[in-house]
Amino acid sequence: MSKYFIPILFLIIYLFSIIKKVKPYDAFTQGAKSAVPFATSVFPYLVSIFVLTELFEQSGLSNFLSNFLSPFFGLLGIPKELTKLVLIKPFSGNGALAVLTEIYTKYGVDGYLSRCASVIYGSSETVFYVAAVYFAGAKTKKLALPIIISLIASFFSSVFACFICHIL
Amino acid sequence: MNVIFGIILTLSTIILIFKSPESVLTAMLSGGEKALNLSIKMVVVYAVWMGVFSLLEQSGLSNKFAKMLKPLNKFLFGKVPDRANDFMSLNISANVLGMSGATTPMGIKSVQELEKYKGTEYAIAMFFVINATSVQIIPSSVLALRSSMGASSPADIILPTILATLLSTVIGVVLVKIFIKKKA
Numbered sequence: 812m813s814k815y816f817i818p819i820l821f822l823i824i825y826l827f828s829i830i831k832k833v834k835p836y837d838a839f840t841q842g843a844k845s846a847v848p849f850a851t852s853v854f855p856y857l858v859s860i861f862v863l864t865e866l867f868e869q870s871g872l873s874n875f876l877s878n879f880l881s882p883f884f885g886l887l888g889i890p891k892e893l894t895k896l897v898l899i900k901p902f903s904g905n906g907a908l909a910v911l912t913e914i915y916t917k918y919g920v921d922g923y924l925s926r927c928a929s930v931i932y933g934s935s936e937t938v939f940y941v942a943a944v945y946f947a948g949a950k951t952k953k954l955a956l957p958i959i960i961s962l963i964a965s966f967f968s969s970v971f972a973c974f975i976c977h978i979l
Numbered sequence: 054m055n056v057i058f059g060i061i062l063t064l065s066t067i068i069l070i071f072k073s074p075e076s077v078l079t080a081m082l083s084g085g086e087k088a089l090n091l092s093i094k095m096v097v098v099y100a101v102w103m104g105v106f107s108l109l110e111q112s113g114l115s116n117k118f119a120k121m122l123k124p125l126n127k128f129l130f131g132k133v134p135d136r137a138n139d140f141m142s143l144n145i146s147a148n149v150l151g152m153s154g155a156t157t158p159m160g161i162k163s164v165q166e167l168e169k170y171k172g173t174e175y176a177i178a179m180f181f182v183i184n185a186t187s188v189q190i191i192p193s194s195v196l197a198l199r200s201s202m203g204a205s206s207p208a209d210i211i212l213p214t215i216l217a218t219l220l221s222t223v224i225g226v227v228l229v230k231i232f233i234k235k236k237a
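Residue numbers (the numbering used here), protein chains in the order written: chain A, 812 to 979; chain B, 54 to 237.
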């Protein structure tokens, strides 16, 4: 059922644009144009995060931390294969995307682990990245409490994700 | 972020000096390479989504959406300046629709607008938490990745994702309402 979601949403947008006499070619191209500057501005963040994740992984630090935390995560129903994903997502969506790709390749894209990982990835945000980018030029420094609240909320939704994937 | 970055960078390098010193630079370069590959993939995904979003915007549909969100905004953020409300509505609609390329500029503008006024700390905190707990309906990047890797039905994760993301946002909103004081 849900495979019709995107096509139908897009169709509604197209039909509405036609009714409103929007020039579809011009509008689409104009939107697509903004993709390149966006990617350029995000690239430095990607490099920093990926260099960090790579060092984090190759030095064995990440395995150490995952192994240390996975029993606690396991008690709450998060499979040990997904501990790393839950840990990395708040820092880097792209690091998490790499971990997600790894999970897909290792355990098959259709299995429980992969579906569960998809839901964890899709239902949480890169808390620290949002804090860094949105508040880059801001005066507000009172972000500690909102960050903690976001992390707690995301963690519970990960626990919920592992649970709901058993049912749906 | 700087503290965490510094600690992990230093600690990892120290461990690698003992384990295999030659892999320090190789690891860093391979990180950069992965970043480049991902950026290329991202350009494609964003180009398509931003193209569709542009149609949404120019047809006036997104504006209707922003108007629909106004009562919700009032409930979540309390009284906010009009201009900030516009940016925040656009940010949240883009968020809901999973257009991450559009959420970031609108998010930055919202924060800048909110900061111009006194007594908006609560609104800023709430706005941040909503953005940081994800409210998107369609996890477009996950769907794209799943279909590119040959999933038999890539969209079967949409419903659980919506439920999980709803839960995280509700928890976030409730916690903000409890722990952060709203100023009149």
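Hint data in this document are derived by calculation from the structure and do not stem from the laboratory. Careful, some of the hints might be misleading.
Short, incomplete list of chain A residues facing chain B, as computed with Cβ under 10 angstroms [stated by the list, open to error]:
1. 850
2. 880
3. 881
4. 882
5. 884
6. 885
7. 886
8. 887
9. 891
10. 924
11. 939
12. 972
Straight-line alpha carbon distances no greater than 30 angstroms define the calculated DSS-like cross-link-like pairs of lysine-lysine that follow [as the list claims (entries may be wrong)]:
13. 953(A) to 94(B)
14. 120(B) to 832(A)
15. 123(B) to 917(A)
16. 834(A) to 169(B)
17. 891(A) to 94(B)
18. 72(B) to 162(B)
19. 831(A) to 162(B)
20. 132(B) to 162(B)
21. 162(B) to 834(A)
22. 127(B) to 169(B)
Taking CB as the label site, the calculated pair distances span [said to hold, decoys possible]:
23. 90(B) to 848(A): 37 to 47 angstroms
24. 227(B) to 887(A): 31 to 41 angstroms
25. 916(A) to 135(B): 43 to 53 angstroms
26. 231(B) to 885(A): 40 to 50 angstroms
27. 203(B) to 888(A): 49 to 59 angstroms
28. 63(B) to 878(A): 20 to 30 angstroms
29. 832(A) to 55(B): 15 to 25 angstroms
Note that beta-carbon positions come from the ideal geometry of N, C-alpha and C, so glycine has one too.
Verdict for residue 227(B), residue 887(A) (Cβ pair) under range 31 to 41 angstroms
20 angstroms, violated
Exercise. Taking only the CA atoms, is the gap from residue 891(A) to residue 94(B) under or equal to 30 angstroms?
Worked result: Distance ~29 angstroms between residue 891(A) and residue 94(B) Cα, so the pair holds.
Next item on the list: Measure nothing beyond the straight line between the CA atoms of residue 72(B) and residue 162(B); if it is 30 angstroms or shorter, mark the hint as holding.
Entry: 46 angstroms, violated
A range of 20 to 30 angstroms was offered for this pair. Does it hold for the Cβ distance of residue 63(B) and residue 878(A)?
This hint holds: roughly 21 angstroms between Cβ atoms.
query = Between residue 162(B) and residue 834(A), is the straight-line Cα distance small enough, at 30 angstroms or below?
reply = Holds, because 28 angstroms separates the two Cα atoms, which is no more than 30 angstroms.
Straight-line alpha-carbon gap residue 834(A) to residue 169(B), limit 30 angstroms: 37 angstroms, violated
| query | Between residue 123(B) and residue 917(A), does the CA-CA distance stay at or below 30 angstroms? | reply | 45 angstroms, violated
*Holds or violated: residue 120(B) to residue 832(A), with C-alpha atoms at most 30 angstroms apart*: At roughly 21 angstroms apart (the allowed maximum being 30 angstroms), residue 832(A) and residue 120(B) satisfy the hint.
Need the status of pair residue 953(A), residue 94(B): alpha-carbon distance at most 30 angstroms? 35 angstroms, violated
Against the range 40 to 50 angstroms, how does the distance between the Cβ atoms of residue 231(B) and residue 885(A) compare: consistent or not?
29 angstroms, violated
Taking the beta carbons of residue 832(A) and residue 55(B), is their distance inside 15 to 25 angstroms? Given about 50 angstroms between the Cβ atoms, the range is violated.
> Would the hint on residue 882(A) stand, with a C-beta cut-off of 10 angstroms toward chain B?
Replying inline: Cβ of residue 882(A) sits 22 angstroms from chain B, so the hint is violated.
Violation of the numbered hints given earlier is confined to hints 2, 3, 4, 5, 6, 7, 8, 9, 10, 13, 15, 16, 18, 23, 24, 26, 27, 29; the remaining hints are satisfied by the structure.
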